[in-house]
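So the chains spell out like this:
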Amino acid sequence: MSKGRVLYIDDSEVFLERVRTALGDAGYEVVATTQTVGAARHLAGCDLVLVDYHMPGFDGASVLASLRAAVEKSEQKPSFYLYTSNKAIASDYSILGFDGALQHKGDDRALVPQVDAAMRMRKLRALSAARSAGTGGRG
Amino acid sequence: MPASDAGQRETPAFLSLGVKLAVGVAAVVSLVSVLAFVELTSRERQRSLAQKSVAARMVSDLLAASLVAPLDFGDEEAIEKELLHLASNRDVVGARVFGPTGQPLASLQKAESLTAPTAAGIVTYDDRLEVGQLVRTPTGKHLGALSIVLSLGPENAAFAATRQRIAWLTLLVAAATSTLLLLVTRRLLLRPLSRMARAAARIGQGERGVTVSQPTADELGVLAQAMNAMSASIVTREEELARTTRSRQELLDHMRQAIVVVDTEGRVEEVSSAAARAIFGDVTGQRLVDVLYPGLPADAVEVAAFEEWRRLAGNVDLEAFEELRTLAPSRVAVGDRHLALEFRPLDRDGLVHKMMLLAIDETDRRRLEDDLRKKEEAHVRQLRAMRRLLAGSAAAFVRFVETAGGRLEECRQAFAEGPLTAARVDEIYRIAHTVKGEAMAFELEGVAAEVHAIEDVLEQVRVAPSPLELTAAQAAAFAGALERAENALRDARELMITASPIGAAILDQVTVRRSELDALVALTTDGSAIASVVRRLTARPFGESAGLLAERAEGWAASVGKQVRLTIEGGERPIAGDLAARLPGLLAQLVRNAIVHGIEAPDARRAAGKAPEGTIVVSCDEAGVVEVADDGAGVLDAEPSARPADLLAGRGIGLRAVRSMAMEVGRSLEVHAEPTRGSRFRLVPVSPSIAPPRPARGSGRGAPS
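Those protein sequences? They're chains S and D, same order as listed.
So the first sequence is residues 1 to 139, counted in the working numbering.
So the second sequence is residues 1 to 705, counted in the working numbering.
Hints are computed from structural coordinates only; laboratory data are not their basis.
Cβ coordinates follow ideal geometry from the N, Cα and C atoms, glycine included.
Where hints are given, some of them may not hold.
To be verified - The following label-pair restraints were derived from C-beta to C-beta distances:
id	chain 1	residue 1	chain 2	residue 2	range
1	S	G27	D	P297	24 to 30 angstroms
2	D	S330	S	A129	22 to 28 angstroms
3	S	S62	D	T363	39 to 45 angstroms
4	S	R125	D	V235	34 to 40 angstroms
5	D	E323	S	S62	34 to 40 angstroms
6	D	E319	S	G27	23 to 29 angstroms
7	D	S233	S	M1	55 to 61 angstroms
8	D	A657	S	G27	38 to 44 angstroms
9	D	R514	S	D11	49 to 55 angstroms
10	S	A129	D	T236	54 to 60 angstroms
Excised from the complex, chain D in its bound form (with noise of 0.2 angstroms):
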């Protein structure tokens, strides 16, 4: 029959061992019991025959001889006087005497029905015992027979209570030795028995810890040691059990994962983890794509993409669901939340039969990265801005810088001097409005937000009755407000810096009309000390030549499928004005040169071991000495090619031009390379790198302006 089957037999109803035990002895007590009783009373009734056997064969042998001589001689009258000698004994209930021929001489009481006997002998019946007799003389000679007929009523009824004893003697026997026996079986047997059951049943309800008392040396003493050993081992094993699911969920719940068990109908069978719990709640037993996308209708394309994904996922092997796994929703905002997920196959004979999935929270990470690209974006917005700016109107911008921070010098100068009259606020006031107007102009709106704070303020004290007073509160505003506008300015002159072509330079700079510079030179004379101050004058910073370099590189890169980071080291040095006003058109030669030739493009640097952006370093040292130096491929365009026009790199006229356009402004170029690790172009000055001002045109002297 097949385990299911047995499996499905219905558990016979409960009969106690201790019912079966007294049963099975009360059975095989009543059995040997009736045996001993039938026993005993036949042994009774054989004893009582016999006895009374012997006693009729003596009254037949004394009859027997009284009964010779009467028959010998024929005497009936005798023959009847020794039969009424019978007669006196109450137990002879009949008896007859019979001749040599069997014919009746003499009876007595009811004897008709008796019959000459052959033989000797004495049959029994149940209420009396026949004895016959032959009657010879002692030589043998056959004078007749005899028959007696005794009652057995006495016999009968001496053995019915006898009888009655030996049953009641057995019925108590029988009744003692069961009791006895159930006694005995209980006390060893079924009680240690009920203890073990009970002992299993508690230990069965998860009951720990219990033990049984059975101290015999014996089967049971064995079996009660053994229950408690599985007992002691049930307990360490819950213990390990409990460790491990104890190990397992701490692990779980210290994983930032968010686990969740999903079934293939989709449904979340379990929420494994501390973060699962606090990331979703309790969602057992919902669609997981409720919980992953709640609020969204069924026709949403998040919604129907998971739920085609799931129906195609469940069941599948698992080299399926791993193509498949690319599929499934890798991101979702549940909420405010940002959650990866990954879905896990849990598999049963190969087949996915549920689905595990991990949900990390990546909301903080987003946050700070959103917050990171905002400020970089406005970074760079606010670079560009500075740059626009600083390209328009740099010495008034660095005015500004410096006004303004004295400007709000004095507007904290005056609001601590001594008690606050409505003339002065109305000139802190107005300070503060210059500052904040100036800095709207030149598009510094944090400066100007913060300066609007302080204009709140000064609004709110100006409505106050005279003398004014200020709270707490009011100057606590008014000072942090002062702070951070002075903080703003103080980065927004950092940021000047930044974007300045020439670095800090850009602070020490002034506009002088190139006019009256070229009539100053005119004056000078070659060699005096005039002269080399009126040479440091007409210098220009070289970041002002190279500083649009930066961002035009990198759209000339991306022009020709390349990536490039261009730097300017060397921004505030200063050059002689002949150099500087050609050195933007060298610069970007030798630049664009470097991204056209020696950059290579970012599979190739990838492939060089190299990162996919390229560097150029354009710079200046204290010598004068321009560079612009490549980590690309070392390889140079150095003259003409038959390479078709190319607007970037131009037509090929390459580093000749370049080497021309450096001498006409007493320049050399000189060329190094090394391939695969970059090039380098310098323009060394082949005199003082701040060369004496030539004559300017028209007037014969000084550099073209």
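So that you can see chain S by itself, here it is in the shape it has in the complex (with noise of 0.2 angstroms):
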């Protein structure tokens, strides 16, 4: 049974593979591309959407853009990650606005305990929200 369903954006082909894999193996269900244009078409059922902001041709937030307004009808709307080792623009990633940002730390596998997190984190906040709108949760 799969975790989640992950999208992942990223112009570089070996980053793809690598993190297909790294979440493959963690039991994640990964749709990876290296298309911006058009990734949207892939956002339907997916929990996470990782982005790399450096792309040519396009950035980050751009992209996010894009995609965002794709989703806005949609009803569970996915959670969109920063995937960068510049710590600089992840501090930054509420501006740019992404949900969080998850650190590029050049091992593929310490991926998988952050989009663990994330996923929890996602859960949580739909709990949360709940909770406050008096529709679920006790105590």
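Taking the hints as your guide, dock the two standalone chains into a single complex.
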């Protein structure tokens, strides 16, 4: 059983394959694409979208904007995370419109616990929102 | 009053029971003493006055008797004389005689204030007695009266002295009584109580085995026994508690889990086990998120997710906690350690007020798994490389394995023969270099690396002055590298056999030109001895025809959502050349049919109590019978159907086509199916397993090649 569906957008096919392997081995269903244009068609059912910030001809923010526009009408919106080794950019994730940032640490296996945490955070936020709305949770 | 208010009362200042007793005893004794003093003095006074009254009565009676005659005769002179007799009595301070009508007739000393008494009697004053007496004749005739005043001075002086003695005596008795009472109380009550109080204090301070000696058979003795029993009971309970605590701690310490108790604010309250101390150290008071994610910034997603979970999971009821439990982190890497985490709630009144973290160090297991995974990946990689290698030039590789082994043996012998010369070292170096080059050509990196180590040793030797003298370390390094290179070569040989579809038979293969073989076949006569040898020469190992199925079958199965493991048995057995040429197609058809129609989908297999991965065995037995057996549903696709075209299973041609193909090479197709247990497809020779060579195409004999 899949732990969740992840869309990963990066211009590097090498990274795409490595991330696909790392997350796939960890039990995630991974859709990886270098195509920033048309990536929105992969959004259906996605829990998490990882976006590389620096891509030729695009930047993460513009990709994010197009993706967010595409999911505007969707009932279940995915969480959007930056995936970058640049700490300065990572710290500005909120300004850039992302829900969070995952650190690119060079070791692809280090991505798995971050994706795990992002998935948990997504569910926790949904639960928290439900409680605030008085529709779920106890205590 | 509520208990809490009562508990907040100020503790009264300590006042010793001894002081209280002393005050009480003093008060009681004083009261008793005063009462006794008053009583005694009163009685003394009464006794003194009574004596004085008797004396006064006697004086007045005597005077009255002596005045009867003077008064009867009106002899005032005699009256005065009689009065004067009183003057010698020093107690008489005054006297007066009255006539029958109460008129004063004579007076002595201070008597002017005296009046005639109307009846006999004594009036007592503080300082005197006044005695009134009527004077009558024996016949009762009233002659007059008299009054005498007697001083109480001597009695008062004596009484004062007596009262002082009584006072002193009372005081002495009171003091003695008080002292005695206090001494007795102190000895019998206060001291034992003090001993018990001190003992209770020692027990309260945690001293063990405290006892009180109180041999008396009274309430204090009973109290002391109760106290000793209490002390012994406390010791027993403390020992029991200590044992329980020790057992708990030992239990915790022997558990593999690191146990940490955390409050709802996320701070570590207790590091409860030896494993926890070994993994985390003493982190009491620290935030758990800092312990689990040291060095990560607050906005790191792992930190944020944990804090969000902790915020939601604190102070919820147990049912809500269960829902949240799956959202807690289950694994974390702390430094070099990999930990599996489990959070459990500690509730109070049904609400989570603390959490217990159980962490298991999985570092060794993870490391082992990583090592195994890497080795497995390396093995698979090498196996694939070897298969590619064998597919290209198996004979060349077999020759390399054989010659490289010989060359390494040459190196060993050359190294061992007599003193080393530069020429011999060069010779060994050249041999080794050749082996390394060939090993690299065949992608045998392990062999190449060890031979490279041999070269390193030889490089060191070559720069040494002649005659060459090896150090013990160099000799050992050479011998070690040589042995490892031989082992690596041996491993490569085994891997080659494993990867080879024809198994160990790969080592016994030679490359022969087919045209030459065809020519040889053409020259033989059926039934002759040489024809039999030629037939065997044209035969091919079964595994050669079936070898590629193993990897392809997995892909075919995956394309239809199934899982299959295909094994080949009898790969080294020879099959006739014509059959070998057709067999790959036949086997592929049978295997694909088995995958599509025989093997069930993983869910269906699980439901049927089977492993999700189906098994297909492709074999060749000694009689040359080729069989494809599966453990699927036992359902056959025997005849063409109207089913849409299927790239994998074909267009429904099915077994009829297979049977037709088989007949062309002298085989019949036998089909056995057993529902739910699987199917077997057997290609059985209709003539000897290694059929006589048939005329080659063009020459009219032999199989097409």
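Evaluated hints:
Taking 24 to 30 angstroms as the suggested C-beta distance range, the pair S/G27 and D/P297 conforms, at roughly 27 angstroms. Evaluation of the 22 to 28 angstroms hint for D/S330 and S/A129 yields a pass: the beta carbon distance comes to about 23 angstroms. Against the hinted window of 39 to 45 angstroms, the Cβ-Cβ separation of S/S62 and D/T363 comes to about 43 angstroms, which satisfies the hint. Hint check: S/R125 to D/V235, Cβ distance near 57 angstroms, so the stated range 34 to 40 angstroms is violated.
A hinted range of 34 to 40 angstroms for the beta carbons of D/E323 and S/S62 is consistent with their spacing of about 39 angstroms. In this structure the hint that D/E319 and S/G27 lie 23 to 29 angstroms apart at CB holds, the actual value being about 27 angstroms. D/S233 and S/M1 have their C-beta atoms about 59 angstroms apart, which keeps the hinted 55 to 61 angstroms range intact. Distance hint check for D/A657 and S/G27: the Cβ-Cβ separation is about 43 angstroms, which falls inside the suggested range of 38 to 44 angstroms.
A hinted range of 49 to 55 angstroms holds for the C-beta pair D/R514 and S/D11, which are about 52 angstroms apart. Range check, S/A129 to D/T236: about 57 angstroms between beta-carbon atoms, so the 54 to 60 angstroms window is met.
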